[in-house]
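S.K.: Letter by letter, the chains look like this.
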Amino acid sequence: MDYDLNREQEMIRDAVRSFAEKKIAPIAPELDENEEFSADLTRQMGEIGLFGMFVSEKYGGQQLDYVSYAIAVEEVARIDGSQAATVAAGNSLGIGPIYYFGSEEQKKKYLPKLCSGQYLWGFGLTEPEAGSDAGGSQTTAVQDGDDWIINGSKIFITNAASDISLGVTVQAKSGTRQNGKPEYTCFLVEHGTKGFTARPMKKKMMWRASNTAELFFDGVRVPKSAILGNQGDGFRQMLQTLDGGRLSIGAMGLGGAQGAYELALKYARSRKQFGQPISKFQAIAFKLADCAMEIECARNLLYKACWLRDKKRAFEKEASMAKLYCSEVMGRVANHAVQIHGGYGLMKEYSVERFYRDQKLLDIGEGTSEIQRIVISRHIGC
Amino acid sequence: MEIVVLLKQVADTEARVAPTADGLGVSTGDAKKIINPYDEFAVEEALRIKQQLGGSVTILSAGDDKAAEAIRTALAMGADKGVLVNDPAVMASDGLGRAKILAAALKTMAFDLVLAGLRAVDDDSHLVGPAVAELLGIPHVGGVLEVTVENGSVFCLRAADSGQARVKAMLPALLSAQKGLNTPRYASMIGIMQAKKKPLQTLSLADIGISPDSVGPNAAKTITKAFMPLPQRAAGRMIEGGTAQEKAANLAKALKNEAKVI
Ligand SMILES: Cc1cc2nc3c(=O)[nH]c(=O)nc-3n(C[C@H](O)[C@H](O)[C@H](O)COP(=O)(O)OP(=O)(O)OC[C@H]3O[C@@H](n4cnc5c(N)ncnc54)[C@H](O)[C@@H]3O)c2cc1C
Ligand SMILES: Cc1cc2nc3c(=O)[nH]c(=O)nc-3n(C[C@H](O)[C@H](O)[C@H](O)COP(=O)(O)OP(=O)(O)OC[C@H]3O[C@@H](n4cnc5c(N)ncnc54)[C@H](O)[C@@H]3O)c2cc1C
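Protein chains in written order, with this note's numbering: chain A, 204 to 585; chain B, 22 to 283.
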């Protein structure tokens, strides 16, 4: 057994923490308030290496392990959920599929741009009629000579309609398998392709500084070379992408919980009522003790899932558990944090309300909490 | 250009410090250790000069095992190699002792320019930079705000008593960095991974030809009698009064009669 992080992992935590505190913290409330995505901040995050974290140096990546990746996302989320969303989705959903399933040509074409943080890429799976049931995709791709024609729409796609969005990976039904089930294929579609439009979705409760898009494909013609991997691989690619993505959502839950907890602890030690700091009241102290304990458990579970992945061992069950547990821990911690702040916790001046709002997505995105319980129960043989 | 940066590891500026039980030292608890912020300006400036003129940047630190972490961080920012003088006598030396050690180490190295921080935020003696320059017999420019290297000279803008001064010095020279010189870069992920492979050499006092009794506590020129905690700030006083006018009048009265400042 060895619970120590290595020297590089510690340095990554320090570097990202210091960047997040100095560059993200001062502007996060305003970006949230204005519901504004910042391309400039995204590029700065790119400069310190927050994109392409698990990608080989050959394509401009940082070539880190998954534990390091989780630590980096955790440290961004400790300060702000929206920026963590841009990073987590950028890596796991944007860059991941191209890196793991793309052809050499596709990797060379897109990865250096995406790993620099100068550009973003979306992952279009969810549709208005197909959320948890991703197998119910209605977007279609039909072969026409050497080309494919895509029709349909996608919804809630992160990083897909910003000024620096380069394109999206879109999963479409490309035919029917011999067993009668639909066949899915993923395509890489660049912005500017005729018939493809991306519209930012506004009025979100959470992740307000993260870019979320609605995508429309109206007779979009792409060459065969736009297929990601092989025809018919779409469903498998999607499942594998989500397994990895869960680790990064877990890291967002962990970091968000840590951030809210620190704010609550600091406030509780300085706020005086009845002649003493409220941290001295058992009712408050026990809440904080529970937060500290649950965060510790969440961190151990998440790092273990990442470690399994780094060791190339089966990690799917643990990834699902980590995603679910870290998200729910952040829910409880953010709730306590607002409670400990009393009336001030409800005001925007104190960032805990932002953590409280941002948390809710974690119960829903990349497989809802119910879906995670389905995944886990299947793994344990129910 | 061969540039050497003198770097000290210090406790995080937000660390809670307290005198040790015997009053002769300062405990920082298990506070995080960081690069002295002024030395970070020096590292950044060295990297910028190297970007422009080529050459290499070496980080030199005198400290304990932990100081290697600070050197690694500077390597992750982009410096090329590190040298750590690690000896029990280092931590027990005063500013002058440390300056002797650093100067002796520099004598074993090739350099055109040495950069240091104006002050270390822990001991705050403002002494090491100028003392090293003196021991090496090279020019020292303190508190630099702008640096340009040209044809064997360095042109600096430095903070002066009531204004700023432009100073030219011949290389090799030692400059100490003042806040405002630059904004240090962050170590990038790739920089952190590359730092792992960069050379970090550890030297003992014997390696640099220093006898242990010429530094350390017995050779110290400054003797610390006692460290004391900062005096507690007295609690503030709320001025009573029913209305704003009344409060203002009471405040004016207190300032005049009690504080006797108006
Ligand atoms: C801000 C944001 C960003 C997003 N980013 C992306 C992205 O980048 N790419 C992408 O493809 N998608 C993205 N999504 C979509 C997200 O993955 C879906 O919202 C999520 O999968 C849930 O789908 P749904 O919203 O259609 O809800 P539904 O699937 O309609 O679920 C509604 C409720 O029913 C429950 N439910 C459904 N099926 C079952 C079942 N079998 N058993 C028990 N309960 C069930 C769910 O748990 C949930 O509580 C994003 C969403 C948001 C809000
Ligand atoms: C939208 C809004 C409308 C409001 N409207 C009104 C109004 O019309 N009139 C009015 O007078 N006020 C109003 N309030 C104020 C509200 O009643 C207070 O916010 C509430 O009483 C809590 O006080 P506080 O915010 O100062 O929190 P604090 O008293 O500082 O409490 C902070 C935390 O410490 C806990 N705590 C405090 N003391 C103890 C203890 N002894 N033991 C254990 N835990 C303790 C609290 O439960 C809380 O979790 C309003 C507040 C809001 C947000």
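Be a bit skeptical, because a hint or two may be false.
As the list claims (entries may be wrong) - Some chain B residues near chain A, calculated using beta-carbon distances under 10 Å:
id, residue
1, ALA52
2, ILE55
3, TYR207
4, GLY212
5, LYS217
Keep in mind the hints are simulated off the structure, nothing from the lab. Backbone N, C-alpha and C fix where the C-beta goes; we use that ideal spot for every residue, glycine too.
S.K.: Now look at each hint and say whether the structure bears it out.
M.R.: Checked hints:
1. ALA52: violated, 13 Å
2. ILE55: holds, 8 Å
3. TYR207: holds, 5 Å
4. GLY212: Because about 8 Å separates GLY212 (chain B) from the closest Cβ in chain A, which is inside the 10 Å limit, the hint holds.
5. LYS217: holds, 6 Å
In this structure, the one hint that does not hold is number 1.
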